[in-house]
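Each protein sequence line maps, in turn, to chains A and B.
For the first sequence, full-length UniProt numbering assigns the number 1 to the initial residue and increments by one for each residue that follows.
For the second sequence, full-length UniProt numbering assigns the number 1 to the initial residue and increments by one for each residue that follows.
Everything labelled a hint here was simulated from the structure, so no lab data went into it.
Ideal Cβ placement from N, Cα and C applies to all residues, glycine included.
It cannot be assumed that every hint is accurate.
Stated by the list, open to error - Only part of the chain A face toward chain B is listed, based on derived beta-carbon distances under 7 Å:
| no. | residue |
| --- | --- |
| 1 | L127 |
| 2 | L141 |
| 3 | L142 |
Residues per chain, in single letters:
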Amino acid sequence: MATMTDPPEQSFRLSQLIYDTRYRSLTIQVVAMILLALALSWLVSNTVQNLAALGKDFDFGFLWQPSGYDINQRLVEYDSQSTHGRAALVGILNTILVAILGCSLATVLGVIAGVLRLSNNWLVSRLMAVYVEGFRNVPLLLWIVLIFALMTEATPQPRAFRADDGPSMLMGESVAVTNRGVYIPNLVFTRSLGGNEVAAPEPEEEEPTSSGLSGTYGGSRISTGGSGVSTGQSSDASDSSGDGAAASGEGEVVPTSSGWDWLLILGVLFAGIAGARYVSKKATEKQEATGKRPTTAPIQAGLILIPLIAVLVILGAQLNKPVLGGFNFDGGLHLRNSLIALWLALSLYTGAFIAEIVRGGILAINKGQTEAAYALGLRPGTTMNLVILPQALRVIIPPLISQYLNLTKNSSLAIAVGYMDARSTLGGITINQTGRELEGMLLLGLFYLVLSLVISSFMNIYNATVKLKER
Amino acid sequence: MSEVHSESSLAYVRETMVDQKEPPLSQTGAYRWIHENLFSGWLNVILTLGSLWFIWVVLSHLVPWAALGIWDAGSLAQCREIRNDLYGAGSDVACWAVIAERWPQLLFGFYPRDLYWRPVLAFVIFFIAIAPVLFSSLPRKALFGSMAAPFVIYWLIWGGSLWGPVAVAAGFVLGWAIMNYAGPKVGVLPAILASIVVPLLYWFFVAGPLAGALSSVVPLRLTNVESNDIGGFMLALIIGISGILLSLPLGVVLALGRQSDMFIINKCSIAFIEIIRGVPLIVWLFTASLLLNYFLPPGTNFDLMLRVIIMVTLFASAYIAEVVRGGLAALPKGQYEAADALGLDYWKSMRLIILPQALKIAIPGIVNTFIGLFKDTTLVVFIGLLDPIGLSNSIRASTEWNGIYWELFVFIGLCFFLFCFGMGRYSLYLEKKLRREHN
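From just these sequences and the hints, can you work out the full model?
This is the structure in structure tokens:
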């Protein structure tokens with residue numbers, strides 16, 4: 001442009017808008033803008049007309065009206081008198097729960113399958129190839145339906161456990177796989193933080209005692225509510241039993257659990273891990289200064305385990321095993337078939353994709369890297385940690401992000417098994433009851449969009465920390 | 001050297017070469033292979049034994065169940081009777097009779113039985129038409145036949161008058177003719193505009209009456225079949241194939257838009273791609289079935305299947321756009337600069353230099369998207385279309401086959417596996433064929 005002589009004082013001609021490259025892109029953009037605006041206004045005017053014809057308005061007020069339907073699985077307090085907004089929140093939390101569970105298990109499965117597919121063992125690598133190809137080439141929906149059918153059709157009824165020759169509980173009488181779901185033991189505390197507050201004369205109703213993961217799979221609440229002798233693992237039961245204990249003076253302590261307990265345990269765990277990382281950082285500094293690395297493993301293990309065990313002892317933790325009572329199991333944690341089928345299917349399906357990503361990432365690292373590391377005298381373990389993995393992660397992480405996103409979005413297939421996720425509550429029953437398709441679908445789409453953006457931005461931050469640092 | 005030795009008669013000097021020895025038994029044949037591949041260390045021994053146990057458990061249940069299966073029965077109860085007679089009560093064998101009896105339904109849904117030849121013929125035509133596109137060794141002239149195929153296939157499957165599809169196809173011919181013959185005379189840009197506007201006007205105002213007039217003169221009619229009657233794998237294939245064919249060009253255009261320097265085009269493409277990708281397909285399908293009527297003029301109501309095809313196409317095109325963008329980004333900048341240096345305009349440089357290379361890089365991703373799209377066609381069951389899984393539910397709801405699960409799942413899963421695995425293999429073939437590096 002700089003070499004161009006000044007254009008002669010030429011009057012602007014209209015044809016330049018089309019034939020002059022300086023103006024053409026502007027013309028195209030203005031035309032595109034006008035077309036877009038026309039299309040949008042056409043859509044909006046149609047929508048307004050249609051809404052008027054149906055006598056509807058555009059209003060999000062329904063979110064504050066009572067919902068009038070029950071949700072069988074919830075992570076926060078909810079009943080049929082709660083608002084539609086709260087029902088949406090329950091669904092959103094359920095979506096996030098299955099997404100987190102699924103991503104964790106899928107990563108584990110995918111890494112194992114990906115590494116084993118590269119194994120020298122002919123049989124194992126072929127087996128993993130069958131797993132990967134089998135799950136990748138069959139629709140996820142079919143897997144979800146199949147696993148759900150497997151869980152409900154091929155497992156015994158709870159009362160079958162009563163018979164002597166019937167099925168028995170697994171893992172030392174603590175896990176029961178039934179056609180109503182899987183019952184596993186959960187942790188309860190005799191000196192629960194929530195329980196202490198309940199023992200006071202005026203228990204606070206609004207306290208979010210059940211915001212933790214435990215005892216909130218509403219089914220256990222329903223099942224224990226019916227039978228007279230409740231083991232009291234759910235927060236409602238803990239409230240009532242607390243009242244009972246207060247009324248009868250020095251009653252027997254009913255073990256319970258609350259969100260605060262879990263918050264404390266998680267806090268202590270994270271503090272321990274942070275301490276262990278600090279120790280390891282110090283050790284690295286010392287190694288760089290003196291060339292000798294002090295042994296850190298026992299200190300690290302102690303830093304994580306000792307406070308954790310101490311907190312568990314102080315809280316008086318004990319395992320609450322499911323016990324067969326009446327026609328169903330009481331106590332413990334009730335994982336519904338819908339959750340398990342969705343979780344397993346999502347994990348197995350996405351795990352097959354992750355296996356291919358992991359395999360590709362490892363294959364992408366030149367064999368010379370391993371040989372160079374051996375030539376430097378590094379051991380195989382150190383070679384893996386310091387040379388191969390950091391390079392393979394650069395290749396693995398970006399496609400892994402999109403697999404996590406896919407899993408999260410695929411969790412909307414919960415509809416096939418009746419798991420109450422965001423689509424089933426906000427985008428399903430709420431829409432059916434209020435007739436607000438437009439608002440409901442808009443909110444639902446917005447939720448998924450925001451969730452996707454949040455996940456991808458978090459993973460992008462992580463990706464930035466592992467990617468190649470170029471100067 | 002050898003001469004020296006041959007002349008000497010030292011006892012310890014060998015005069016002839018020793019024959020090669022057979023390698024020891026542990027280093028040859030099956031023994032060596034088994035040792036190296038299955039039992040080379042304690043970890044491998046454990047893995048091998050574990051896998052053998054797993055394979056044994058799975059096969060010992062699956063093979064008798066599948067192989068002893070009963071193929072000839074009218075209902076599940078009858079199936080169980082036959083089983084009790086043959087193998088004793090309670091034995092676990094498959095009841096393949098449900099497939100034997102209901103496979104036409106699984107393939108065609110509720111398509112009229114006496115008209116099955118039409119979809120079959122349509123799919124034969126499809127495979128003949130797609131062959132010249134997939135395999136470049138076939139004559140190029142056959143591509144003209146491929147272009148006509150969609151209209152014939154539409155006519156065969158849905159029926160009605162042949163003149164409808166012909167009138168629609170004439171619009172495309174019109175646009176092509178304007179582009180080809182008027183282009184050199186009036187310039188490229190007006191020709192493009194004309195080749196878009198004239199066919200649109202033709203479709204809106206001329207095509208309908210023209211088709212009506214022609215069919216009143218020569219009625220080439222087939223019995224009409226409603227979209228609601230189409231189901232099973234036929235539905236999955238129709239949605240999948242139309243989605244695949246339509247989403248590729250749209251995806252390429254979106255990818256180019258995202259790479260564009262023009263601010264508005266660029267931002268619009270990004271917004272479209274990210275919004276479509278951020279929301280699950282199932283939500284888009286519900287949008288298509290619940291909300292589309294809000295956005296269209298009052299009184300419009302069009303086929304649910306068409307809506308689904310449009311939604312699936314838009315959805316897949318956003319994913320393809322990202323894959324193609326990856327291919328575009330992977331090209332060295334020199335290719336773009338070389339194209340500019342040759343004096344090619346934007347579309348020519350894209351068509352002749354950039355896209356052929358970028359698409360080649362993007363092939364695995366594109367085929368993966370297609371496989372995903374084909375698998376996702378099962379989701380239409382939630383908005384009331386009868387795809388194979390939906391049909392399996394309705395078969396199970398009938399009194400004869402109430403309570404049958406695994407046989408249907410196995411059959412549907414195997415069919416999907418064959419299609420998707422085949423597509424994956426074709427992508428490997430294409431990658432190998434297009435590879436230009438020396439190796």
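**OP:** Hold the hint about A/L141 up to the distance rule: shortest CB distance to chain B must be less than 7 Å.
**Re:** Holds: closest Cβ of chain B sits about 5 Å from A/L141, inside 7 Å.
**OP:** Using Cβ atoms only, decide whether A/L127 comes closer than 7 Å to chain B, and label the hint accordingly.
**Re:** A/L127 check passes; min Cβ-Cβ to chain B is 5 Å, inside 7 Å.
**OP:** Go through the hint on A/L142 and say holds or violated, using the shortest Cβ distance to chain B against 7 Å.
**Re:** Holds. Min distance 6 Å.
Consistency with the previously given hints is maintained throughout, with no hint failing.
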